[in-house]
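Given chain Y, work out where chain Z should sit, using these hints.
Chains as they are written, first to last, in my numbering: chain Y, 180 to 509; chain Z, 180 to 509.
Check before you lean on any hint, since a few could be wrong.
No copy is singled out in the list; a pair is fine if it fits within one copy or between any two copies.
[As the list claims (entries may be wrong)] Computed cross-link-like contacts, BS3-like style, restricted to lysine-lysine with a CA-CA straight-line distance of at most 30 angstroms:
hint	residue 1	residue 2
1	Lys346	Lys366
2	Lys256	Lys477
3	Lys237	Lys391
4	Lys256	Lys182
5	Lys189	Lys508
6	Lys256	Lys348
7	Lys383	Lys237
8	Lys323	Lys237
9	Lys348	Lys508
10	Lys477	Lys323
11	Lys508	Lys182
12	Lys348	Lys477
Just so you know, these hints were derived from the structure itself, not from any lab.
There are 2 protein chains.
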Amino acid sequence: MNKTRAWHLKSRPTGMPHIGNFELMESDLPPLEDGMVRVRNAWLSVDPYMRGRMNDVKSYVPPFQVGAPLQGGAVGKVVESRAPDLQPGDTVFHMLGWREEAVAPAGAFNKVPAMGVGDEQWLGNLGLTGATAYFGLLRTADAKGGDVVFVSAAAGAVGSAVVQIAKVKGMTVIGSAGGPEKCAWVKELGADAAVDYKAGPLVKALQAAAPKGIDVYFDNVGGDHLDAAFATARNNARFAICGMIDSYNGGEPASFRYIMRVISARISIKGFIYTDYMSEMSQFYAEMGGWIAAGQVKSRETVRAGLEATPQAFLDLFTGGNTGKMLVKL
Amino acid sequence: MNKTRAWHLKSRPTGMPHIGNFELMESDLPPLEDGMVRVRNAWLSVDPYMRGRMNDVKSYVPPFQVGAPLQGGAVGKVVESRAPDLQPGDTVFHMLGWREEAVAPAGAFNKVPAMGVGDEQWLGNLGLTGATAYFGLLRTADAKGGDVVFVSAAAGAVGSAVVQIAKVKGMTVIGSAGGPEKCAWVKELGADAAVDYKAGPLVKALQAAAPKGIDVYFDNVGGDHLDAAFATARNNARFAICGMIDSYNGGEPASFRYIMRVISARISIKGFIYTDYMSEMSQFYAEMGGWIAAGQVKSRETVRAGLEATPQAFLDLFTGGNTGKMLVKL
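Here chain Y stands alone, though its shape is the one from the complex:
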């Protein structure tokens, strides 16, 4: 019987997670029955949303179970197949990450189309990350050419995709990031302005960068960033709420000094998950694939080496340890 190593949730974190919440275990892989395939993972994704699944609460995805392997985006190669549609050597992306090998029915794996891009792109700009940026900006916030767009965590995986998509579409973009190096990278991506949230009061900095106000806010952070967006919104501004990393680890409830501007500026706010737009994925692949091929959307990854590095890579998401997409290469 084949064995694999996988990271299990040892205990549910309270507040900020720590390395002791995770445990690397060796376990048996299920037998390869008819219709199933075995995949050896090459790349694992760690994402802030995973923190939510570590709590025992019902959300848009079921919680992780204590004592069971964690899950997450991964790209791997089929090494053994008893399914007609997948052959050994095929590259697939799937959600059975945090482990070296996975055995599951073929339907759990998606064969990557031949698009001439690196495998890791299927976890980044062509994966959950890129789709979240694309649909949140263009559908949820209904952003159009000419809009002034503010995106928080603009040096992060989703934020850096938002910056580039907005520029391709002819918007003015202001991105926030922590520290001068990340801000410089945000400007390299094409942002018209970068706001360093560590350098001083955010409201003042955002209003200086957007003296006429913002039409769109793409929220990855919540808290003070969302409040600064309230303060700076123009009439009929649209906010797409993608994430609130400021609040994922508990602490004081987020407070808002400028929330009443929702009324005076008639702000629209909407939460979304990229899966809300599954029916439009083919349009996303076509458009994003074109931008990547044309060099209009670039990716950058922070890569950690080896399965052992996975939980620390995840933890570092909450202290700004990544620029661009955080990945683990096996």
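Positioned in the frame of chain Y, the structure of chain Z alone reads:
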């Protein structure tokens, strides 16, 4: 030269306003030039939104000026006219309240249609109050028959109209109010449940009243009420943000423990002012007029007597001193 008495803003309040912020002054009325009319007020409206105009900040209406008369909804009778469209004896509603008499160009006054309703209705269910309830519920929140609707300050002027409109339209309605008497009245209005926010934790009470969650929240209060609505929202819930009386007088910024549910439940939030829907006023008059005539929408007023009582009537809005619409009868 004619004189009148009017309440002036003596000083801008900091936090909760007090009676010393207001001053009753006698002043000259401008001469009645061609095209102008003189109106003697019969009813004055006091409304929570006026608090915002007492701050020196740009909002959707310009701030009141220190040393100048306050303004607000009023109904009166024309006593002198140099305009062809208005005759002495005509009843008009207008925005030159907080005073006994007003002289202005005829365009500042709207002659009330003959609908067989009491004059005070033009400040209530057929006025700003009713229009705010109607458009916020049916347009901003896009509430439909079958929806579960939560409305805060349901014993207030706007809230009590929302309860009744929602029932006419076949919705399930939960209203919040402070204390058993107001809650009893909210149920009398037709609400399926009333939640006493003074009686205990709001989240628990709302979730008990709406075990399957809410589809729509009509917000007059902000703060804990809005947070309870976040906690209780069903997927794709729509929130119409009409007011946040909890925050009008400053204090700690509103904080939210459940705001991340905006993402998981894909909540849509939108601020509005009834004037956003001015082009649809004729539909509002037709529909609301019909409901009032049929006895489906009733009004209740808390009436204070005499111009002298105006600022205290206004102040009492912030301590729950009114049930239904707060008016001053001259």
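Checked hints:
no., hint, verdict
1, Lys346 with Lys366, "within (11 angstroms within a copy, 53 angstroms between copies)"
2, Lys256 with Lys477, "within (24 angstroms within a copy, 69 angstroms between copies)"
3, Lys237 with Lys391, "between (40 angstroms within a copy, 14 angstroms between copies)"
4, Lys256 with Lys182, "within (17 angstroms within a copy, 89 angstroms between copies)"
5, Lys189 with Lys508, "within (23 angstroms within a copy, 69 angstroms between copies)"
6, Lys256 with Lys348, "neither (35 angstroms within a copy, 57 angstroms between copies)"
7, Lys383 with Lys237, "between (38 angstroms within a copy, 17 angstroms between copies)"
8, Lys323 with Lys237, "between (34 angstroms within a copy, 27 angstroms between copies)"
9, Lys348 with Lys508, "neither (32 angstroms within a copy, 57 angstroms between copies)"
10, Lys477 with Lys323, "within (21 angstroms within a copy, 45 angstroms between copies)"
11, Lys508 with Lys182, "within (20 angstroms within a copy, 84 angstroms between copies)"
12, Lys348 with Lys477, "within (15 angstroms within a copy, 51 angstroms between copies)"
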